[in-house]
Amino acid sequence: MNRAAFAEFAGRFSESWVAVASLVVTVLFLACALFAPWLSPTNPYDLARLQLIDALKPMGSPQVKPGEEIRANFALTQGQLIPEANDTDFEVEACGANCFIVGLADSSAQLMSLQLRGLPRDAIVDGASKHPIQPWWTLNAPENNQARVRFENLPADARVEAIARTDNQPTGFIFQLGSDAFGRDMLSAILYGIRISVFVGVAAAGSAMLFGTGLGLLAAWRGGAIDAMIMRAVDFTLSFPAILVGLAILAILGSGVEKVILAVVLVQWCYYARTARSLALSELNKEYIEAARGMRLPAWRIMLRHVLPNCLPQIIVLFTLNIASAISLESSLSFLGVGLPLTQPSLGMLIANGYEYIFSQKYWISFGPGIVLLIMIVAMNLLGDRLRDLNNPRFES
Amino acid sequence: MQVVQTVFQADEVSRVFEPARGTIEKLTDRLTGKRPAIVQAVDRVSLSLAQGETLGIVGESGCGKSTLARMITGILPVSGGTRRFRGEDYESFLARRRDALKVQMVFQDPMSSLNGRLKVGEIIGEGAVVHGIVPRSRMREHAAKMLERVGLAADSIDRYPHQFSGGQRQRIGIARALAVEPELLVCDEAVAALDVSVQAQIINLLMDIRQESGLSMIFISHDLGLIRHLCDRVAVMYLGRVVELAKTSELFGNPVHPYTQMLLAGMPRISTERRTFMPIKGEIPSPLNPPSGCHFHPRCDRATDHCRISRPDLREKGPSHLHACLNA
Ligand SMILES: Nc1ncnc2c1ncn2[C@@H]1O[C@H](COP(=O)(O)OP(=O)(O)O)[C@@H](O)[C@H]1O
Ligand code: SF4
Ligand SMILES: [Mg+2]
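Taken in order, these protein sequences are the chains called A and B.
At position 226 of the first sequence (counting the first as 1) the number is 226 in this note's numbering, and the numbers step up by one without a gap.
At position 82 of the second sequence (counting the first as 1) the number is 82 in this note's numbering, and the numbers step up by one without a gap.
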């Protein structure tokens with residue numbers, strides 16, 4: 001298309017604000033798909049970074065770093081508490097006869113708890129609660145990160161273990177859209193999900209376009225028995241619901257990106273074949289085709305260089321509409337568990353993952369991907385509709 | 001007398017169009033014994049064209065002129081009859097694609113006869129490049145040369161067809177035909193879609209080209225004035241058949257067939273307005289269901305019972321004056 005015609009087309013396109021909005025939204029989604037690794041705050045598939053403590057957090061929750069444990073062993077011999085090995089994490093101070101203060105050397109961060117294990121039965125740990133059965137004394141939020149241990153009499157020899165627990169620390173990262181059962185950030189998962197859904201959708205719809213358009217042109221060019229065969233195959237394909245074809249293919253072949261693409265091609269090729277054939281037939285009746293015949297051009301050249309470019313605008317419109325339906329078919333299949341493998345979670349699989357939590361009020365796992373998928377498909381459909389209307393003079397008012 | 005070489009010859013060529021039928025329709029047709037309605041667009045037409053000659057074909061809309069033109073150009077296969085180019089059978093001639101370029105056509109509709117998605121340079125140069133007449137690197141140069149030959153600026157090669165007026169587009173169509181060095185140019189109503197003033201320019205261009213290159217031409221029109229001005233011989237067609245074929249002076253001076261006479265009677269003497277047919281009395285019969293015998297009999301005032309039954313074949317009136325009337 002040349003510049004003047006494009007300007008005119010753009011002018012007519014922008015007469016509808018819905019169309020402009022859907023174009024903007026579609027472009028945003030495409031940008032999300034392309035730049036997901038740079039846009040997304042975390043890499044949701046970096047398993048090393050997932051922590052169970054972050055699982056199922058609602059929207060806006062902070063991420064936490066779980067508290068740490070510091071352990072040290074001491075030997076209690078002849079009224080003395082002596083650290084085993086060269087442990088410098090803890091310090092032991094005497095506080096009179098049969099009295100020790102056990103504390104963490106570094107007292108900058110307040111400990112959540114300090115536990116002492118294995119003390120003799122008659123030990124008294126100030127402020128601590130004793131485990132009902134085990135010889136464990138736990139002091140919550142110890143002052144100065146220290147515990148004071150006293151004995152009425154000379155204590156028996158024992159092996160003592162001190163366990164200092166630090167509190168969970170917020171990391172500053174917020175789960176804007178909550179987290180899933182693996183503690184994965186839903187915002188990042190959605191961005192990556194858009195990427196996978198859009199890539200699979202575009203690749204699948206594109207393959208269907210190539211295959212279907214090729215067959216449609218072949219039918220228009222050869223006519224006769226080949227035409228009849230291709231068009232009956234189109235009718236046959238159209239008589240099955242898309243989801244049924246998809247389920248059947250994936251049930252037989254198993255899940256995988258290339259199998260989802262194959263399923264979409266088998267579902268969608270017929271639309272391109274039908275459209276390309278009828279467009280090509282009407283182009284073949286025009287005088288410029290007769291002129292090309294008069295130039296004794298080979299048939300393939302007439303079809304590809306003269307007929308195809310004149311059919312392309314409508315085929316591209318069909319392509320934009322079919323990307324949306326390829327994405328929704330892939331999402332449906334993934335939701336049903338037969339689409340993409342677990343390592344490539346598309347939006348459909350994210351929705352499916354959240355499905356089991358929806359009735360326990362953890363709606364956000366399905367909610368986010370669901371809304372995003374909805375907006376994306378509606379925008380792409382509106383855009384495709386507008387392009388189709390502009391391409392079809394009959395729709396002009 | 002000098003021996004005149006025949007460039008093109010058609011011998012009883014016919015063309016029928018059948019409506020496109022699906023498999024099911026074909027089957028029900030066969031079961032019910034119904035024969036699908038067929039159009040006999042061209043019915044056993046014989047013509048020949050000498051080297052350097054211009055043959056006019058005239059007739060009302062729908063009488064099969066374009067169909068005949070397409071068969072002559074080899075764009076459309078014949079349903080019957082034979083075509084020859086310089087004595088060679090057409091099928092083998094067309095099979096040698098590069099030689100087949102010697103017959104070219106200029107189309108009626110300057111809008112749809114150019115592919116709107118290609119630049120003018122590509123439209124003109126494509127044939128020559130594909131057939132190796134010029135290398136691809138020289139395509140633009142070749143196209144520019146052709147554009148200058150038809151009176152357009154050489155820099156038009158980078159523009160698209162819609163940027164030109166109807167007359168300019170028709171020049172581009174002529175340049176496209178000339179680009180492959182044709183020997184026979186078939187012009188199918190090449191000026192019918194243009195304004196009268198532009199028509200004259202295009203006609204002058206065609207006459208110049210004919211003079212420069214000694215092209216043989218078949219000039220199809222329903223404009224009798226143009227035909228008279230341009231052609232050496234004229235064939236008059238009616239409902240797919242040639243009804244009269246004679247030298248131009250002979251045909252205009254001494255028309256024999258009642259149809260030709262009616263056409264000429266309707267032709268205005270003073271050529272100020274558009275010199276096309278005056279509507280002549282009677283309706284044009286449907287080519288789907290043509291009248292029996294002589295197709296012209298429902299409109300002919302000399303018709304007899306014989307005309308309704310038997311088909312008049314071409315017969316000689318004088319030297320090289322043929323007509324198909326039983327009562328002339
Ligand atoms: N491709 C076609 N299919 C069916 N009928 C055709 C086709 N081309 C022409 N015809 C029919 O053949 C007849 C002659 O058409 P045409 O050669 O275009 O006439 P003209 O050029 O003299 O106006 C018309 O009745 C037309 O309807
Ligand atoms: S054959 Fe008969 S009907 Fe036909 S033109 Fe001659 S007189 Fe008229
Ligand atoms: Mg015509």
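It should be emphasised that the hints constitute simulated quantities derived from the structure, not laboratory data.
Note that beta-carbon positions come from the ideal geometry of N, C-alpha and C, so glycine has one too.
Honestly, I wouldn't trust all of these hints.
Here chain A is said to cover these stretches of chain B; the calculated rule only asks that three of the stretch's residues, wherever they fall, bring their Cβ under 8 Å from a Cβ of chain A [stated by the list, open to error]:
hint, segment
1, 61-75
2, 96-106
3, 172-182
4, 295-301
Output of the computed footprint for chain B on chain A, the stretches with three or more beta carbons under 8 Å from beta carbons of chain B [to be verified]:
hint, segment
5, 280-289
6, 296-304
Going down the list of hints, with the structure as the test:
no.	hint	result
1	61-75	holds (count 4)
2	96-106	holds (count 7)
3	172-182	holds (count 4)
4	295-301	violated (count 0)
5	280-289	holds (count 3)
6	296-304	holds (count 4)
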